[in-house]
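Input sequences plus hints: build the corresponding full structure.
Next come the chains, spelled out residue by residue.
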Amino acid sequence: MRQDLAIIANWVKPSAHVLDLACGDGTLLLHLETQKQVKGYGLEIDPEKITTCISRGVDVIEQDLNRGLKNFADDSYDTVIMTQALQVLRRQDLALDEMLRVGREAIVTFPNFAHWRCRLFLAFRGRLPVSRTLPYQWYNTPNIHLITFKDFEALCADKGIKILDRAVGNLAYEDHWKARLWPNLFGEVAIYRISR
Amino acid sequence: MTSTTASGADFPADSVGLVTPQTLQFDQSLALECGSQLNRWQLMVETYGELNADASNAVLICHALSGHHHAAGYHSPEDRKPGWWDNYIGPGKPIDTNRFYVVSLNNLGGCHGSTGPSSNNPETGQPYGPDFPVLTVADWVDSQALLADRLGIQQWAAVVGGSLGGMQVLEWSLRYPKRLRHAVIIASTSKLTAQNIAFNEVARQAIRTDPDFHGGRYQEHNTIPRYGLRLARMVGHITYLSEHSMGEKFGRDLRKDQLNYGYDVDFEVESYLRYQGDTFSESFDANTYLLMTKALDYFDPAADYQGNLPQALAKAECRFLVVSFTTDWRFSPRRSEELVDALTAAQKRVSYARIKSQHGHDAFLIPDERYQAVFSAYMQRAADELTPSEVK
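Chains A and B, in that order, give the protein sequences. Numbering-wise (this note's numbering), the first sequence opens with residue 1 and increments by one. Numbering-wise (this note's numbering), the second sequence opens with residue 197 and increments by one.
Keep in mind that a hint or two might mislead.
With a straight-line Cα cutoff of 25 Å, these simulated PhoX-like cross-link-like pairs (lysine-lysine) come out [what the hints assert, rightly or not]:
| hint | chain 1 | residue 1 | chain 2 | residue 2 |
| --- | --- | --- | --- | --- |
| 1 | B | LYS544 | A | LYS13 |
| 2 | A | LYS162 | A | LYS70 |
| 3 | B | LYS387 | A | LYS70 |
| 4 | A | LYS39 | B | LYS511 |
| 5 | A | LYS70 | B | LYS552 |
| 6 | A | LYS70 | B | LYS544 |
| 7 | A | LYS39 | B | LYS374 |
| 8 | A | LYS36 | B | LYS544 |
| 9 | A | LYS49 | B | LYS544 |
| 10 | B | LYS511 | B | LYS544 |
| 11 | A | LYS13 | A | LYS39 |
What the hints contain is simulated information worked out from the structure, not anything from laboratory work. Keep in mind that this is a model prediction, so the values were computed, not measured.
Below you can see the structure in the form of structure tokens.
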């Protein structure tokens with residue numbers, strides 16, 4: 001089983017009402033539905049992924065996250081989740097505001113731009129890093145706002161957002177003592193659980 | 197009760213082939229929302245596919261403003277065109293007749309064989325004409341529920357419809373929540389906007405001010421309000437297409453290579469609209485058109501809940517698929533999204549797809565790769581819920 005799914009499932013209460021932003025092919029929601037009996041919806045804009053969700057019986061709603069979550073009421077969900085999509089949005093600060101307006105808690109995951117490989121890539125090649133978590137060129141990347149763990153935590157501090165949990169690891173979310181000691185240097189990806 | 201025959205090598209492989217409509221008589225009285233009632237009435241019905249042993253694979257098709265029972269297949273080998281939704285009903289199509297038993301009817305008040313304004317009133321022996329009661333979407337759903345009883349269908353696997361048909365689907369989910377498992381609502385809305393009612397009123401005025409309308413008693417005068425109906429259809433037709441699709445189809449093409457400097461047809465689009473209007477006025481009943489537009493205008497399930505749609509939806513138990521089309525301005529994606537927002541607020545199970553299409557409101561009838569994929573994925577899921585022993 002994918003390690004990130006297990007970690008997220010651990011952090012979501014049984015039978016919770018969840019909203020999964022950029023839900024992809026519905027893997028996470030399906031997992032949460034079978035493991036934790038959660039109810040809720042995925043939001044997605046990719047036509048093929050929407051069809052896959054529907055054929056798997058995952059409730060999916062076609063919606064562009066850059067237009068916000070205005071159609072969802074305050075505190076209407078227990079948990080709002082966004083995996084590997086924060087970096088593609090236009091305004092992450094507003095996205096976090098919206099997630100914590102609609103949800104009592106939020107869970108976000110994103111790749112770390114300050115991982116040592118990225119740092120070496122830029123330092124020695126003098127070019128923007130291309131890595132396994134960020135496998136694009138600068139001109140075609142959907143990741144328009146790259147994030148480091150430190151930057152994310154600084155933004156949370158500025159906004160008074162509480163970090164309830166953090167899991168840092170490599171792409172498979174395998175824990176490693178180096179990532180525990182120096183997460184911003186050795187962590188490739190992180191999962192944060194946050195609240196107001 | 198099956199009306200599909202396996203004959204016809206002339207028909208496409210994914211067609212239900214030759215179909216025969218049938219008339220079902222109902223002698224039970226149907227109480228109508230307007231306070232009146234129908235004591236004896238009939239429905240014109242077509243079915244495709246076979247009902248399984250426990251009658252769990254039935255799908256009801258609800259038609260739109262000018263629709264009827266003939267949704268798929270051919271009435272004769274000479275038919276030039278198949279039924280109005282043949283693109284989406286048939287073996288291997290989204291509404292797969294290999295798995296589902298499909299029921300399609302002409303609604304009450306219609307003019308294709310079901311009891312309507314042009315039928316004879318059993319009390320007087322004369323056509324009802326303007327005396328036919330104004331029906332509502334709820335009345336149609338009640339009559340469809342009696343049809344389900346007659347066919348031995350306790351619960352529909354799915355109720356499906358586009359436009360005005362989608363309104364019937366929504367009404368089904370609220371009026372008989374236990375009698376359907378899936379609701380598929382395409383290019384529709386939970387209530388018409390002022391602009392939409394306005395278009396309907398123009399259509400009605402065109403018909404009612406035609407000198408041949410005779411207060412709706414045109415049959416008694418052996419005439420029909422041809423010009424009114426024609427105009428109504430021309431206006432309607434414009435609203436079913438998009439600016440883009442009209443541009444693509446006609447542009448500013450001229451009928452003859454020069455301008456007339458007169459008021460005859462100059463442009464192809466004029467010729468097309470006149471042709472559409474003419475054909476329609478010869479085949480559709482004016483009183484039925486009036487009645488159908490009123491049913492559209494009146495529909496508003498939130499009205500009894502001070503306009504609170506999520507509250508109105510609370511009693512629904514089925515799962516929903518809502519589909520809209522980007523260039524549809526008569527029933528715009530915004531209207532579908534209002535419904536979806538209300539369904540999520542009411543915590544109902546719903547999926548929503550907004551299909552990119554150039555074809556305006558008519559897109560729900562036209563082949564489209566993504567629309568087909570979404571529709572098929574949803575219906576296959578519904579078919580997979582039937583236990584293997586239930587599937588023929």
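Results for each hint:
With a C-alpha separation of about 20 Å, the suggested pairing of B:LYS544 with A:LYS13 holds against the 25 Å cut-off. Taking the CA atoms of A:LYS162 and A:LYS70, the gap is about 23 Å. The hint holds against a cut of 25 Å. Restraint check for B:LYS387 and A:LYS70: satisfied, since their Cα atoms lie roughly 21 Å apart, inside the 25 Å limit. At most 25 Å may separate the alpha-carbon atoms for a hinted pair to count; A:LYS39 and B:LYS511 meet this at roughly 18 Å.
Among the hinted pairs, A:LYS70 with B:LYS552 is consistent with the structure: their alpha-carbon atoms are about 22 Å apart, no more than 25 Å. The suggested pairing of A:LYS70 with B:LYS544 holds, with an alpha-carbon distance near 19 Å, which does not exceed 25 Å. Of the supplied pair hints, the one linking A:LYS39 and B:LYS374 holds, its CA atoms being roughly 21 Å apart against a limit of 25 Å. Between the alpha carbons of A:LYS36 and B:LYS544 the distance comes to roughly 19 Å, so the proposed pair stays at or under 25 Å and holds.
Simply put, A:LYS49 and B:LYS544 have alpha-carbon atoms about 21 Å apart, close enough for the 25 Å limit, and the pair holds. At roughly 10 Å between alpha-carbon atoms, B:LYS511 and B:LYS544 fall within 25 Å of each other, so this suggested pair holds. Between A:LYS13 and A:LYS39 the CA atoms are separated by roughly 11 Å; this keeps the pair inside 25 Å, and the hint holds.
Every hint, counting from the list given before, is met by this structure.
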